[in-house]
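Chemist: Listed below, chain by chain, are the residues.
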Amino acid sequence: MSTAAPALPDRRAPVARWWAGVRKVPVVVWVFLLLPVAVEAFWVFWPAANSFSLSMTRWNGVGAAEPVGVKNYTDLLADPIFQTAVKNNVIWVVGFGGLSVLVGLAMAVLLNRPGRGIGLYRAAIYLPMVFSLTVTGMFWRVLYSPDGPVNASLGLLGLQSWQRQWLADPDVALYAVLVAAVWRQVGYIMVLYLAGLKGVDPSLEEAAAVDGANRWQRFAQIVFPQLRGVNAVVFAVTVIDSLRTFDIVWAMTRGGPYNSTQLLSTYMFEQGFTLVNLGYGSAIAVVIFLLAIAFIITYLVRSARTED
Amino acid sequence: MSTQPLTRRSLLLGTTGLGAAGLLSGCVGSGGGGEEPTTDTGAGSGSAPTGDPDGPVTLQNSQSDPAPKEAIEQIVADYDGNVTLNTVATEQFRAQLSTYLTSATPPDVLSWYAGAVARDYAAEGLLLDISDLWTGDGACANFSDALKSLSSAEDGTQIFVPTNYYWWSVFYKKSAFEEWGVSAPETWDDFMALCEELKGKGVHPLANGIGSTPWMASGWFDYLNLRINGADYHRELLAGEHAFTDPEVTAVLEQYKELIPYFDPNMASYSHQEAVTPVAQNEDAMYLIGAFVTQFFPEDQRDDLDFFSVPPINPDVPSAEEAPTDGYFAASGSQNPAGAKALLTYLASPEAQETFIEVSQSSNLPTSPDVDTSSFSPLVQKGIELLNNTEEITQFFNRDSSDALQATADDALTRFLANPDDIPAIQEGWQAAAQRVWDSEQ
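If you're matching them up, the sequences are chains A and B in order. Residue 1147 in the numbering used here sits at position 228 of the first sequence, with consecutive numbering throughout. Residue 220 in the numbering used here sits at position 208 of the second sequence, with consecutive numbering throughout.
Okay, chain B solo, but in the shape it has when bound (with noise of 0.2 Å):
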C-alpha cells in the first residue's frame, strides 16, 4: 500500500494549480475569441462563392409552433431543390441568431422578422444583399413599396424577404356579441361605453395574458400612443429621440389607466394563449391581439370571429395600425449564395405563400399581389382592407426598437398595470432602464 493520502495541502495546492492554468489559458484564448467573428465576416463579404442555384442549402427555421412548423415543412417538400430543414425553438433561435449568422459556415436561408432587427444585421455586413430579387422580374419587383422600404437596409440595399404579415386589432364574437346585444364600436366614446356596459353585465370587457408574455402589454400601450400622438412620435419615442417621461407618454399612460377596470382580473397569471380560454367561453369579451390568435380558438369558433380597429381618439393624428412582418433573408456567409436566392425566391412565390397560410392555419396575409385572395376567409380579406385604408404601418414595439428595449417595457407597463397610482415613479423607472439599453447600443 503504497499511495499517499491526500491531504488539504496537496488538494488546495492542486486545485490552485488548475485554477492558474485555467486562468491562464483563458486570457490567451479571449483574444482570439474576440478577433474570430472579425474574420469571419471578412471572409464572408470578401471573396464570395458563387455557388449554384441547384446546390444543397440549408433553411434555418424559427417558426416552431405545430402548425406553421408544419407549413414550412410542407413548403420545403414541395420545393424542387436540395434543403435541409432545421426548425428551432423561436426563443432558442433568437438567442443563437447571431451565432448562426457569424459562424464559418452559416445557414443559407433563415426565416426572422423584418425591421430593426434585419437592418442591424445588415449593418453588420452578416446578410446577403438580394437586390436583384426587387427589381426586373425578381420574385419580390412587385411588392408594395412599403414592403420594400421594410426590407431595406440602412445603406438603401434589400435584404430581407417578406412572405407575410399579419394585423392586430381588438378581436370578438359575433355570437357573444349578439347575446350580449351590443355592437363594434365606431368611437372612442362607443368603445369606453361598450366597456362599462359590458362590465355591467358580469363579462370582463377585455382579455389580455401578461404573465408569462409580458410584452402583451406592449399592444395597448402601442396603440394608445398611435392613437394619441400617432406613428412618427411612436416611432421616435421608440428610437430613443424623446423621452418615456414625455407629458406625451403620460397621457398615454392616463389613458391606458382607464382601462384598467375593464381588464381580466386574471390577465397577470396568463400567457396570450391562455387568455384566449375565457374569450372562447365568453367569460371575456374583446382582445387585442395579433391575427395569430385564430389558431389559438377551438375550431368550430375561427368562423365566429371578427375584429374591429382601436376607434380613434386623437382625430389630428394620421390612422395607423401595426403589421408585424415576417420572412426570410440569407446569411452573407452562404456556401451557395445563388441556391440561397433561389430558395428565396421560391419562398416569395406566390403558391409558397398560399400554402403556408393555408397550413398554418392563421390569418396571415400574403405580400405578394400575385396571391389569389378570393377564397381567403371573410376575417382575413377585412384584414387586407383594413391595412390597405391605414395611413401609417407600424410593426410591433420589439420590432419596432429592440428586444432589449422591449424588456424594458415589460418590466415597466407590468408594474404599471399592477399598480397604477404612481404614473411618474413608473415613467422615471422606464427612462432610467431605457437610457441603459440606448447607451449601450451605441
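Looking at chain A on its own, in the form it has when it is part of the complex (with noise of 0.2 Å):
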C-alpha cells in the first residue's frame, strides 16, 4: 500500500476506466465467476424467466401450452381466494415481521448481561429454530387440537369461553399459524440482534447515564441508533422469511378452514402442484416474484448507497 501517492483526478472516459477496471481482473478469477454463474442462469434463471412465459398459457403439463395472453392475471384479480391470500400475506409479513423483530430485540437487549445461568436462557430461546418449520407446525398442531394442551390449560385457568378450535376457526387459524412461526423465529432475530448489541459502545451508555438519562432513553437514543446494520440485516430476512413461509402453514392447515388461510405461497403450490393447473400458478408464482424483488432492489439500493 502506497498511501504517499495522492489519487489523481481520473480524466479518462468512464467506459475506458471501466474497462481498465475489469482487465486489472486476472482471467483465472473470470473463469470462476462466469461458471457459477452459467450454471445459476440455467437452473435459476432459465426456470425463473420460463415461469413468466408459463403464466401467459393454460398449461396442465400434457401436451402444448396454449397461450392465453394475460387472462390469468385478470382471472387473478376475480378469483376471492387470491383475494383472501394477498390479504393473509400483508397480515403475515406486518405480524410475523413485526412480533418476531419486537420480541426477539426485547429479548436480546434482556439478556445481553453477564449472569449466572444468562447462556441457558438464551439457548432455550434459540432452540425452536433448530426444528424445521414443518416439525414447528406438526408440533404445534398437537398443541393446538381440540383436547391439546392449549385448550386444556385455558380450561384450567377458568377460561373455558376462550377454548377454541384453533386450527378450524377462519377467525383464529391464521394467527394461530403465526403464533407458531414467530416461536420459532424470535430465537434467530434475538441472536442477530445479540451480536449486534456485542458492538455497541457501552461507555457511551455509561455517559448517558450520567447525564441522566433514563433507561428507556438510554436504549433509544443511544442503543438502537447503533443498531443501524443489525436493523437492515434483520428486515431483509424477515421480509424475506415471510414472504417464502409456505411449510408451517402447509403442514399445520393447508390452506384451510375452506381457503381462510391460504398464503400466495400455498395457493400457488395448491393450483401448480395439486390441480396441476401450470399457467395460473406461475401467475401467482410471478406476482410473488415482483413482490419480492421490489422488497429485495430497495434493500439492496439502500445497502449499496451506504457504502457508496
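Hint data in this document are derived by calculation from the structure and do not stem from the laboratory. Some hints could be false.
[Said to hold, decoys possible] Simulated restraints, written as ranges between beta carbons of each label pair:
1) B:434 with A:1074: 42 to 50 Å
2) A:1080 with B:192: 26 to 34 Å
3) B:437 with A:988: 25 to 33 Å
4) B:430 with A:1067: 19 to 27 Å
5) B:161 with A:993: 53 to 61 Å
6) B:295 with A:1080: 16 to 24 Å
[To be verified] To list a few chain B residues with every Cβ distance to chain A over 10 Å, as calculated:
7) 147
8) 158
9) 190
10) 198
11) 204
12) 325
13) 370
Using N, Cα and C, we set each Cβ at its ideal position, and we do this for glycine too.
Need the complex rebuilt from these two chains, each delivered in its own frame; the hints are there to steer you.
Modeler: The structure is reproduced here in C-alpha cells:
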C-alpha cells in the first residue's frame, strides 16, 4: 500500500475506466466467476424466466401449452381466494415481521448482560430454531388440537370461553399459525441482535446514564441508533422469510379451513402442483416474484447507498 | 491491492444484465418447452416398440400407506419378471403424474384411479391401449361389464386394469350399538330418530374428519345427492351439465343442514384418520366413509365393525352406492409394452389380487370373479353383496369429476358446514368457482 502517492483525478472516459478495471482482474478469476454464473443462469434464471412465459398460457403439463395472454392475471383479480391470500400475506408480513422483531429485540436486550445461567436462557430461546418449520407445524398442531394442551390450560385457568378449535376456526386459524411461526423465529432474531449489541460502545451508554438519561432514553437514543447495521439485516431476513413462508402453513392447515389461511405461496402450490394448473400457478408465482424483488431491490439500493 | 470496490452502480448494472440474460434465454427456452411434450407423445404413439414380455419394466406406485405399500412389495417380489418398483407419496404422485406420462422414458406401469382421470390421459394419447387384455382369454376378460365400461376410454378401447375397489357406507361398532341398545336403521326416518336418540345419550351420532382432509365433506354430499336426486343427476351435475345453484342442490344442502347438529363438533379439526379415534372410544357412533377405514381401527376392534348403507330418501330414484376403483394403466411411451402387458396381466390375476387384499389389511374387494372370497371376513362378504345388489355405481366426487372441481367442493362444503344459514350464497360461490374450473377445462 503506497499511501504516499496522491490519488490523481481520473480524466479518462467512464467506459475506458471501467474497461481498465475489468482488465485488472486476472482471467482465472473471470473463469471462476463465470462458472457459477452459468450454473445459476441455467438452473435458476432460466426456469424463473420460463415461469413468466408459462404464466401467459394454460397448461396442465400434458401436450402443448395454450397461450391465453393476460387472462390468468385478469382471472386472478376476480379470484376471491387470491384476494384472501393477498390480504393474509399482508397480515403475515406485518404480524410475523413485527412480532418476531419486537420480541426478539426485547429478549436480546434483556439477555445482553452477564449473569448466572444467562447462556441457558439464550440457548432455550434459540432452541426452536433448530427444528424445521414442518416439525414446528406438526408440534403446534398437537398443542392446538381440540383436546390438546392449549385448550386444557385455558380450562384449568377457568377460561373455558376462550377455548377454540384453533386451526379450524377461520377467525383465529391464521393467527394461531402466526404464533407458532413467531415462536420459532424469535430465537433467530434474538441472536442477530445479541451480536449487534456486542458492537455497541458501552461507554456511550454510561456517559448518558451519568447525564441522567433513564433506561428507555438510553435504549432509544443511544443503543438503538447503533444497531442500524443489524436492523438492515433483520429487515431483509424478516421480509424474505415472511414472503417465502409456506411449510408451516401447509403443515398446520393446508390453507384451510375453506381457504381462510391461504398465503400466496400455499395458493400457488395448490394451483400449480395439486391441481396442476401450471399457467395459473405461474401467474401467482410471478406476483410473488414481483413483490419479493421490489423489497430486495429497495434493500440492495439502500445498502449500496450506505456503502458508497 | 488493486481490486475495485463494488459500487452501487456496478452492482445494479450487473444485476440488470443478468436479469436480462435470464429473460432472453427464457423466451427462447419456453418455445421449445411448449413443443417438447407434443413430440414426445407423437413418438410414443407412432413407432411403438413391441418389447419383450420378460424384459425389464418399471412400476410407479402411488399407494404409499404402510400396509398397501407392503402388499405391493410382496406382489412384486412374487413376480417372475424383472420389475423395478418406485413408491411415491400419493400427493406427489398426483402432481407429477402428467410429467411421468409425458417423459421420453416413462415408467411402464403406473397405479392410479379408474374413471375421469384415466379417460383424460387416454384422450391425450398417453395411455397404452390394452383392449387385448379384455378379450378372449385376457386377464380382465371375465371382469364385470360395469368395470369394463369404467376402464374404457372415450373411443371404446380399454386403457385401465382395475384390481380392487371398495364401498362407502355408514360404519359403526356392533358392541357399541348393543351397549346403547340401538340397531341399524332401515329408513331415513329411522336414521334421523337414531341420531336424535344417540345424541340424547351424550354420544356424537356422526363422526367425520374435514380438517386436513376437507374432501371428506363430499361423502355426505354425494350420498344425499344420490338419495334425493339420483345417480344420473349426480353424474350430470359433476360433469357441468347442471349448476350448483339448482333447486336440486338446494334440497341436498337443506337435508345436509339437518344432519349438522349430529356431527362431532370437533370434525373440523380432525383428518379422516383422526376421526376414527372417537369412534373407537365410543364417543362417536357412526362414520360415513370408505371401507379402507378398517385399517385405521385397532386390530382387536376390526371384527366388531359393521355397516349399513345410507337409507333411501326419495323412493323414486334407483339405489346407488359409491365404489371407487383402483388399479393400473400403462404409458403409451413405454419402451417395453409387451413387458408392461405381462405385468398388468399378473397384477390382474386372482393370486395377486388376493395377496393385495390380505396384506394391505383394508377391506377392499377383488375385481376378479375368480378370487375365492369365501375366506374373507363377513364384513367384506356383506360389502360384495351390497355392490352386487345396487342399481347404480358412482365413484367419488373427485373421481367422477376432477381434482380441480373437488377443490371447489371442499371450499363450499366446509364453509357450509361451519355456517349453514345462507345456503343460496354458498351455492352461488360454489357455482362461480366451478364455472372457472369448467371454463379452464375446455
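Chemist: What are the numbers of the hints the structure violates, in ascending order?
Modeler: Hint check: 1 and 5 fail, others pass.
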